[in-house]
Amino acid sequence: MRVLLFLTAFGALAAASPATFVTALPVAKDQWLIRFNFQQTLGTSSFLSSQFPINNAYGLTPKLALLFTFNQGFASLNRDTAQGPLNIRSGGSGDTLAFARYTLLRVDKPKSTLRVAPLAGLFMPAGSNSFQGPQGLLPGSLQTGSGTVDPYYGVTMGYNTSHWGMALDTTNRNNPVAAQGISPGGQFRADAQFQLEFYPPKGLPDEGLPAGVDLSFESNYVQDGKGRSNGVASESTGGKLLKQDLFLELFTLHWQVGAGVQVPILRDLNGSGQIKQRIGFSVFFEYYLAAPNWRHKGGHR
Amino acid sequence: MTRGAVLLAIVLPLRAMAQTDTSVPEAPITRAMAMLNGVFSPRGFFNITVRLYQHPEVEWAKFDLKKSRITLDFRPGVTVTSEEIQRIIIDAGYKPGPVTIQSLPPNQASETGPGWMKLKHPTSKNPIVRWFELNF
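First to last, the protein sequences are chains A and B.
Counting in this note's numbering, the first sequence runs from 1 upward without gaps.
Counting in this note's numbering, the second sequence runs from 302 upward without gaps.
The hints are simulated quantities; they were obtained by calculation from the structure and are not laboratory data.
None of these values were measured; they are calculated from a predicted model.
Misleading hints may appear alongside valid ones.
[Claimed, not checked] Simulated coverage check for chain B against chain A, where a stretch passes if three residues somewhere in it have a Cβ under 8 Å from a Cβ of chain A:
hint	segment
1	340-347
2	355-366
3	398-409
4	414-424
For each residue, glycine too, the CB sits at the ideal point set by N, CA and C.
Model the full structure from these sequences, guided by the hints.
Rendered as structure tokens:
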């Protein structure tokens, strides 16, 4: 569940945009972008997670953007007990992510554009790291937060042409140890996206702005450090995971919609008994809005 | 009969003159055509559109994705400079290319066709209603 929140926290940049990370999401000054997501993940032990993150991006200046991600969701899994399988579940708000991104390098050419932007922010503990079940603390995969304020930083880039585009990012989340509850280890993450536009089928018309369809190939590498439970080191936590994703996206002047599948292709989890993700499905809809009028009082300049 | 014909002969030319006198030549329309660097998607054009919403004199905009070009038609009689157009593009986060300014008779202004859209300029005095008018 926590991993899913991280996915959403990244979320989008580029012509159309990556579905599984948002660090590269292009947003202009006075533009507010809002993206609604539905993400479902299935795993071992009948793990089922449904998350509904909402990404917000706002252009404060042409170079400085503020991004916020709020999350709600629920998850469940089966645990073997002496009395037989026990279904345990949790739900509620996840940690809230807020970060600022500053475009440090911008190279705009008639046929291509390049952006490089560092980013920094915080995960705020809106979720819980102390959900309890009949047998005590629920496992980390059912906790919705880290219980601490977590620094978050990284760098993102995007390169686009009229037919294809790509985006990359690498980020780090430092999770301080919480005194109580489940305390996840820090998380390093690297994402890559390549998109190819295939509609309109004969290429773009000489004039006009047609809606477009593209395929987005994305990869997510996530490396979680070992966590703690009530301050005690937990060996069977953390590990490495590489996922490959395929999304179909439809984009227009005012909105974009996408749907896709995520498949883990490599995993190296610490210890034993950890939940293994098997497959994930994701749908998103994003809409572009102009800023409220108070931002316009100074005129168009 | 003769008197009626005379009256008609006087009234008709006067009426025609009156019509001629009241007709005012329509003001020309300024068209600005700007090449853009770095805009390859509808999303990129929207970023610029956001800025255009704030320029009350722009009436119509046309987006040509393949040519990475934007064309703006202003209200009749309004003039605009290349620098103003370039500022809009820069504020949207893109690098402007060459800007061409033309003055067209109103009947040559293109308001329909691929890529043309009429820009929304909210009219309500209530800021919340204005925001909804702008975006939905």
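Evaluated hints:
1. 340-347: It holds: at least three residues are needed, and the segment 340-347 of chain B offers 8 whose Cβ sits within less than 8 Å of chain A.
2. 355-366: Coverage by chain A holds for the segment 355-366 of chain B (6 residues, Cβ < 8 Å).
3. 398-409: Violated, because only 1 residues of the segment 398-409 of chain B bring their Cβ atoms closer than 8 Å to Cβ atoms of chain A.
4. 414-424: holds (count 5)
When held up to the earlier numbered hints, the structure conflicts with hint 3 and nothing else.
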